[in-house]
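Work from the hints to combine the two standalone chains into their complex.
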Amino acid sequence: MKYGFLGLVAAAALLAGCDDPLNPTPQQNIPQQEALDTPEEIRVATNAMYDAFQTCDGGYCRNLLIFPDLYADNLRFTGTYTTDREVATHNVKADNGAVAGIWGAAYDGINRANNIVAAVAAVDGLGADEAASIDAEARFVRALNYFTLVKFFGGVPLVTEPEWEISPSVNVARNTEGEIWSFIESELTAAMAALPLAADGEQPTGRATREAAQALKARAHLYQREWQQAYDLANDLIENGPFALEDDYGALFNYQSEGTDEEILSIPFTTTDGNSLAFWFFPSSLGGRRGVSPSNSGTTSQPLLTAFAANDERRALAFQGSGNSAYAFKYTDVATGTDNVPVIRLGEVYLIRAEAAARLGLLEQAIDDVNTIRDRAGVAPLAASIDTQTEVLLAVLNERRLELFYEGHRFFDLKRFMDIPSVATYMSTLGLTGPKLLFPIPQREIDANSALDQNPGY
Amino acid sequence: MTRLRTLLAVALTLALAPAAAFAQGTIRGRVTEQGSGQALQGVQVTVVGGSQSVVTNQQGAYVLNNVPAGQRTVRAARIGFAAQTRTVTVGAQPAEANFTLGADVLGLDEVVVIGYGQVERRTATGSIASIRPDEVTQSAPTATIENVLQGRVAGVQVSQNSGVPGSAISVRVRGSSSITAGNEPLYVIDGVPLIQGDFSQIAIGQTQGIDALSDLNPNEIESIEVLKDASAAAIYGSRASNGVVLVTTKRGRAAERPDIRLQTYYGVQEAWRQPNYLNASEYIEVYNEGYTADGEADVDLGGGDVLHINLFGYQGDDIPSCDDWGAPTDPLFCDAIEVDPNVDTDWVDEVLQSAPMSNLFGSIAGGTERARYYVSGTRFLQDGIVSGYGFERMNGRLNLDYTASDRLTLGTSVALTRSNIERARGDNTIYGPFANAIASAPVDAVYNADGTYNLNTISYANPVALNKENRAEERTFHVLGNLFADYRLLEGVTARANFGLDQYSLRGYLYDSPIVGAATGSNGFGQVGNSYATKVLTEGTVSWNRDLNESNLFSGVVGASYENNDSEFNQVFGTQFPTSSFKQLASASTITGGSSSITEYNLMSFFGRLQHTWRDRFTTTFNVRADGSSRFGENNRWGVFPSASVLYRLSDEGFFATQQVVSDLALRASYGRTGNQEGLGNFASLGLYGGGANYGDRPGIAPAQLANPDLSWEKTDQLNLGFDAGFLDDRLGLTFDWYRKNTSDLLLNRPIPLSTGFATITENIGEMVNKGFEVALRAQIVRPSRRNGFEWTSELNVSHNKNEVTQLYRGEPINGNFVARVEEGQPLGFFRGWKMEGIFQSEDEICYDNTGATCAPGSAFQSAFTVPGDVKFADINGRDADGELTGLPDGLITADDQTYIGSPWPDYQGGWTNSVSFAGFDASIFTQFSMGNDVYNGNREYTDAFGTFIDNNSDHARNRWTPDNPSTTEARATWYDDNDNVRSSSRFVEDGSYVRIKNAVLGYNLPENFAGRMGLRTMRVYVQGQNLVTWTDYSGFDPEVNFNGAASITRGIDFYTLPQARTLTVGLNVGF
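Protein sequences, first through last, are from chains X and D. The C-terminal position of the first sequence is numbered 458 in our numbering, with every residue numbered one higher than the one before it. The C-terminal position of the second sequence is numbered 1072 in our numbering, with every residue numbered one higher than the one before it.
Since the hints were derived computationally from the structure, they do not count as laboratory data. In this text the structure is predicted, and so the values were computed from the model without any measurement. Certain hints may be false.
Unchecked claim - Below are the BS3-like pairs computed for lysine-lysine, each with C-alpha atoms no more than 30 Å apart in a straight line:
#1 Lys415(X) to Lys93(X)
#2 Lys436(X) to Lys835(D)
#3 Lys468(D) to Lys583(D)
#4 Lys802(D) to Lys771(D)
#5 Lys93(X) to Lys436(X)
#6 Lys835(D) to Lys93(X)
So here's chain D without its partners, still in its complex pose (with noise of 0.2 Å):
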């Protein structure tokens, strides 16, 4: 390291010296607006090949000092108009070259950011989606970086998952392409790969999970690129298989005065929905139901007597009891649970809240040619639609660059966040406060007459004193920072040097108070831990840029790369503790437990990509990266990543000129190979030994893990077939694409026998397919005829995405939680239950064989106590003599009786954003759909159980079974549920298609000398709402929903999953 320093050093030494001995001279010009002929202001002005680039200002006009004497090129560039170059001869008095810029609909002259470079819109051969973030939270803002991805990308999934704040959004770049590798994107910002994942101490149920990820904060990204197919990843190699994000944040810009940008907004939230549950009466009565219809409700008291008790009376009726009776056999059981009459609470609404938001940003952007500046700062808050939950983000960033000679331009790049996640329990614990107060009883009052909690709940633990005296706080730092130094080796051709680091610690703290929740028994419980994750980059790059000829250009890079990645978790956790004031560990009186790790993984690289352009019209690009990783197995050490691609602008053929209606038409074609490795333990492919299986706090080692030389990579072949058209003079830009990714080597965990001692192996066994198309249009519906003249766009994205495992260890299907299952020929994580095929409305119509042999065509033995108002089952499979499947109905319902009864994935998602503007005002709306996707409701397994489990139910069961109510969907209330009508079955399987207003927004600009008066340069006031309206049949809460957010296999599932919040926010940006 430190020999390279003193390389650098030289080099720069060297660099600076000869700069002054050149002639250098000026160049000038002003830069106006087809059409109107205004001044177009912010446009980049660059000299080609060189590093000399300013901004125009508010008369369009620039200044290039310093340029080398000579003929130059300078080209001038703002999204949303065409580039245009000019050539002027630089000497001893100033050279000038103004440009006209047309708009530019398909943005075929923006820059694209690919790996390891950027090249031209028009000559990106792979398929890449390009958003500037700016025009996206300009008008809607957002949290996060996915939630600017979300709906805007065709081929982009993105999934909220839940309403938790501060959690993990899952993104899945044309489907899921792992089972156990993980399906999330790499992002790389500034050229560094991104530490992401979930690194929460908090073990709070299988809940929503947090993600290093949501420490970006989006009004400081100048462009996310999401390389989508083979030949744009492939250079990212072993970590492409899920597609890449690429991230690159805002940089300083030479201008006259720096731009000094205030953003500010507030908003409301609240549920957008929220399902009935039943009061306290319709509680009562359907318990009561139940247990007189399983008999629970009569005691024999003998010699004939029976005493009818139900399970609930109210607290002054005249409740039979076993003393009215003389002596009873059993006084234990006379006596029903008395409720009081004037308790009826409606939980859900108890933890809901109407909850703010807010965000505030400042930044200022500026500079010469020589250094130039961008600073900003934010500070995001948002509390939670249920009390107790919230985040809190701060972001500062600092990005500098130094153009220390003509040769040598010196940046970094540098941002520290600091994030605060007040969570709780949830989901599939029985201490979460939304998942408690769906479950929680109507007849329970929240507090006792003397205004303590009540917490002699019949059900659940009170939700409201779960959210208010416990805590589960996780807090991060975030340092990410980069230092890159360019040096212009030839004309053309640039040697770069990139250290980048990104150094993620976060704290997590949780707190269960002696009074109510999970340590009650133990006086109170506290844990503190603390993860750290490392992440160092040293990587080197020579780019080059050449024009061979005049039909010829060439261009491509070589590089290297070195990775250390390490990470450390350690945790402590006490109970004891004197009082429910005291929340802090140093309290606990006693030290139950504690932990830590420490595990690495390296990786080296040596990549490399060669692009060939021949006359504008054929462009070919090869990539191929080679990665060595210390998590593959020895026998596998390295692997290899090559791809291909070309692009053919039939548009620039002479033929083409003769009509009118294609303005635009290139065609596109890539092949190559990815690979994923996130799924990998660091030490995965060793046969080892552990500690920790200590026994009776004396210490202990015990197999740990078998040994798999051959662990490698999963792979992943993708072909991409593509085109972009323009029509009607480019006011109509269509972009389609085709692609099918055969991914094989899956990792998997196959279970191996448990009579070997160990569970499963990690190999490389499984075999997955994903097809698809995704369209993009855009269109300028109406073009402005004049400036602030009347604007409308409209963006419309689809696609399409089958995926299919194809291939699993011995065709074993694997299981994700509640029916989410992965199986050959199904798609992955499909689900699967029996099927229901109505109720039973007649004791006729049910079998009580138990062997099966005597049912009737069509009827099967259940169980039993099945009665009329139990749900039927389909039986579709038996078993023959030898156990074997037989695919036939065996007259019995059984495990094998399971069946495909819904997927989660949609066959058509996507997003349409209209937006208008004019005289000042703009307005848009982004829709966002989901189309043919269902969604296992998890809650109803309970909220349906009627009668059952004493969770409130749903108001399904207002429909149920009853003699008089001869229901055919809902089943009868019943306190055994001997049939299991609440077992995993298709009664819970709902459509989860939906459409839903995800923004709409209305602003307006003051005019420029309006603001000027005010000494402002731009000033913007707006209002927005989020998930404003929402289309769907789906009868929970929100059909955007998984509740096991970072599962693979487990999609579109809900378990007591916060829901998203409407919002309504109003904003006012400034600029000076």
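Chain X with its partners taken away, still in its complex shape (with noise of 0.2 Å):
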């Protein structure tokens, strides 16, 4: 009788449960062996490889655009945030967590690239032009995260697989910048054969299209100081591209009307997945935590708040308010943080042009295309003295700050022209020389693979 009722009890426990009750099936997901076997599945898998890029702490959302800037000479510190001020004070330590952040979301992104890369060709039921098209985005977004990894950190490990069994293989050790780049170039020819035109209106926003690709490698080509394929890949972009200048530089960042002619590739930010930029940069008055602000006299001999002319149309999205309480005004959503941002935008193309000429010898060109950026920000043409290559070179960088402020190429840039002895004069007062013009490899990263190398100095 006794074993009987224990049997019963078990029994009932049993139908209590459901089939299998050890094994119940998780609501929220899938496995991931079944995860990329549709065509639907590829497809909503291909929206997740950019949604890599809208993180705060390594994307888009925030330090991506800040950090840049704070390193350098157009944001200061005014904030709480221990990451914050390791970067503004160009003491970052290896432990900072907001660069592991960029270094993570970076490989989050490439690693949902990686699986799609993997995985696209095999799918039934995708026709072959989306099937390569995919994978060209795919391509895309691992060129741009390595593209993020390469101007920070220097060589990093190169990953191109998808691991889903962890054994010591996935302790890849740093490969070489130059790796990287050529990593970069080749990822970005192959999605420029295979992705959609912008002109085609197919792509939706905020994704890949032959021209994000194009203007990337552009810039790419630039910073491996490659003039001339710089020079073309800009200038063919200008002259044959669907792209114009939009007329209002206010405009360019009005999250009311967004949408213009001049953005190549933007990252679209939206209520329920909103940035955090305005809120960074407005003060408490105004909901925001003003954790950073622009730079004045006191961090730097050449602050952001004196940079502009008094007629610069920009000026107004550099800063509001004035002295220790500006605060910087390009991203303005600070309730939902719905600003779109740029990756890359027409202007800047102007810009890797006019460099890649100066470089090249091709003064008046360049300076053919700082003035045509100065006049649609309201300003004069550049001063008729300016007529060295050296001259118009720092005008070339004097006017990508101007224009470029708060999307990410401050520090970038400085570092580009410190061939030019004042450059490196400036960047020695800021004190970013030696070591310092490379972020450190996150330590959590050098404790986790043991074939990685820390950057000098760190």
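See the structure below:
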């Protein structure tokens, strides 16, 4: 009797549960093995590649745009985050969590893309064109992420295959900077071959197009000091591409009316998926936190606050208010963070052409391009006295600052111009020399990956 | 399920039928107290092996009806008295059995609840501590079950964490045995494991969590047993590593008249201490000094002219301005911040308040031998000492027992709880009222001249406005119930079916006003969410308790159980509210987000215990449980947890009678294995893709986690050696236990290279050891010579635990919040940081070589801008050319120079209770102590950043380094702090030892005849004080602190944590 009773309870226990009580099915996830085998799954996984760009720690939501300016001379630290403070004081420690965030977000995006590249060819029901296009998008995403990695960290591990088993093989050593650059170039070349044209209007907003790949490639050549290739790609895009400079600089950054002909690729943010830029820019009286502010004379000898001519239309986006309480204003939706954030736009492509031209000795072309940008901002053309190559280059550098502030360029621009002695001197007054020209490889990564070496000086 | 129900009904019918057929009789008698000879009321008289049980009345008399005829053993027991048995023959005539009970100081005759059963203390082989909350709460009302445990049980460390009403309290049984899987014990209430943990909806900074456990009402609890060693706990298998707390609620007992109780108290709470912060003029002085020291104050006007500007200047004073100097270069920076000379705000004072707390409890218990009931209701109210916080709880309980026949007893327990927790953003945010009160500058006024809030503060959002305008509230509804049937199969063999339900619902609500705080930019922010958690338990056991012969007693239990757990979570948020009067989400014009989640896990178990007692002397116990959990990986689906223990009562040996000193001595030993599976995510062993990776409002799926089919529970092997001794006729009782807990297969989120696209994988990797001992001493120092004579008892418990993490993945350390760290060879969550060596007094002491090569021995490069007055840190480590640590100074202060700077774990902790009573008066003082633990005062990273963050500074700033005040402990004022004086260092580690009069109470019991004249059975009035006096060297608000209450690793860290209150209470208990 007693055993019967026990058995009965055990049986009841089994009946009360599901068919296999110790193997319930998750309701919010799908098994990895079955995740990417239908066209629908591949398509939604493609969206998710870009989602990795939207993180705040490591993406376009915040740090990717703020850190290069905070590390250099456009922004100063007015907050409480140690991670920001280290960047502002050029004293970035290897355990800086936000820097690890940049590394992590990039590789997260790369892994999402690697999974797609590995799976897309074998998916039944996906047309050859669509498969090729998705493959090209994944390559573009990998290129953009490796671009972020190489400019912050130098050479990094080149990972191109998805990894679902943890074995010693995940401990990948750093490739050289050159290897990363050539991977970026080959990926962008492949992407340009198969991506849809922006002009066709098929690609949803915020996703890669052939032109976006071309613009990014121009920038990649610029960083590698391959002036002719940079010039050619930028020139082609300006002369033959479907884009046009927006007349009103402010309209480029107006979250209430988004979408201009100048945007080549922007990361869209929405009410449910917002960025936090305006929140970190705006003072608390306007609902922000003002963790960073435009640089003033206390932080640098060339503060952003005094960099603009009085009639420069861009000045109002660089800052509002004055003095110690001035705050940045380029992204302004403090409530929901829906400002779309430019990855690359035609304005920058003009300046890429200008820089490459100046380097190639085509000074007139360079001055023309700079003036095109200045004209749009309502400021006078460059003084006629600017006529040597160095002067033109410095004008390009300055124009990049006035045009592309808070878009994640400043530190890398200064670094690229350090062959000019005055820039090198200026960088050393900022404390940006030697090892400081690269960020530290995140300590947690060095701890986790025995094959990694730290950058010198950290 | 339906089949089971049918069968139960059949069993019930069968059981009822023969009941009438047996011949029955009556047993009656009277119980008196040994010595005084007075009648003893409230003694439970039970027929051994039967279901009849009554309680003696005021005259000490009892009557047991419907006792089956024949030889019957009757047992009389009352807490505090040694139980007695009498054997009588029940027949046509009423049998008589009288008892005279003597004191049972050691409680050897008390019944101790163990897993799936109960034993007499005399034969309990495991390390089990028992508490009767009535003994605690009667003298000292407590809000939660953890408060009842605090300081009363050796080896159980209860930390209040904070003074946030309704917040989670952490309990550690014999130290921490896990890094990620949780260290809270398993709570089982009336046989049903409880839903535990934080289901909060509101993310408000790393603040104090809430806990479903706080819904339990101590007033309803009959006894709490803490199962500490493996022998006692192993029957709970994969959830028992952190110890098990068994809670038994009160039940009705057959009695002549119902026992009605009304208890109420009212108290006032206030901060027991308030550290000092700077006033407005000191604040301005420090900041201007810091500003000047770093050259920020000087504006180069060209031509050798320098304009000196302070950071702050008083309105009306002649503040130098650029205008004074004609056309300055940079007009934006030539003005000091003007402050009103009449403003000097003590922000902490502004948010602290003296807050009431009260409790009203009523219960009625009684019944007949057939049907018994216990009904109670409670309302508890507590406001926070920081305005805006509060906790309100209403409990109702109905416990019923029905003896259907000689064989069958049915029962149910139903508890309903509604609680309402008023919260506020806290700790690690810049919108927490208390944090902002500490941080806000005293030069900011609370209100403008027109009476509106001053929202134009120079530092942080106005904490008074935050408090009044913003809301954070969580409301829970908790149903806890079980239904059981006991069926006596044979003499001494009983089958039990138990069905339990724990249903927890929580609604969270957060509102940030458009006026102040996080949502001024979005015109108000609202959030509403719901959490549901359900646990359904189906369980069957068969237990036996039989004398094989005179000398061999066997008892035991076998059983099976199945538990289904699911939880759901959803929330919606919105912004853009019409005005600050509209606080509900329905008024939000933009819904900015929402989410939901659902998950489940199932647990199937088989378990058993066999206990054998030989001649009352040797008792051996074996326990085993097999747990199958859906959380475990497919390669490790079932875990088996065995234990064995032995008890040898030496004092029963003949040779013991020859001496008078030692009156009782029992030796105990146990060994066994328990597990911990709390840290396992419900589907953590699977490789998954997840949704939600959306982009531009288009859906996306992305890799979510890596698979680990080997994932399993954490394992703890525990050895326990102990003894219980009584001396001098049991007037002095001593319990000693030594234990060693080896925990292995710790669940760790092993960091994997981010270049894989994943950050971590959960694996069973680490190992940890806890070793320690516990001493509990109970002495009846003065024994009353007569009833209501002078009595003095003293109870002391002291425990020591040493924790050491012995293995981590590849020896890689894990960082917690702030300085908390896990490292091999160190205790869990020890503090790691830079070591402060002192303050630089002159430039000669500072090394400016940024390679460190030419630094003099003992000095090291810290920063290019380090100057006298900055903190000197110890150079203790460096790296060689290959980047490997050398363990030698390298002339550079880097991250490698961080080292052990303290530990949050006490060397000794415990409690000491002294109770005296005389002629109706009673008084008790309960002192709790913790010695040798450190507190990391994280506030000081900001409050002691003199002149740096705009935050107000602590009074340490008064002793800051200046050329005229060469302080060796406090740094200089600096605006930039290039030297990073406020980095996490030993500068902020303080001795957190404390001795605290946790509770002192003075009460008076009205004489019974006097009470009787008022129509009352008993009446007691008392006054009580909590946290009356605290002795500590800690400089912050409260040394009993954990800013991140729920965390396993982060302990003993203070970061804007709400302090505990000192409470004065008056109370009245009456019984009818």
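Verification of the hints:
1. Lys415(X) to Lys93(X): 20 Å, holds
2. Lys436(X) to Lys835(D): Given pair Lys436(X), Lys835(D) holds - Cα atoms ~26 Å apart, limit 30 Å.
3. Lys468(D) to Lys583(D): 13 Å, holds
4. Lys802(D) to Lys771(D): 5 Å, holds
5. Lys93(X) to Lys436(X): 11 Å, holds
6. Lys835(D) to Lys93(X): Given pair Lys835(D), Lys93(X) holds - Cα atoms ~18 Å apart, limit 30 Å.
Checked against the numbered hints listed earlier, the structure breaks none of them; every hint is satisfied.
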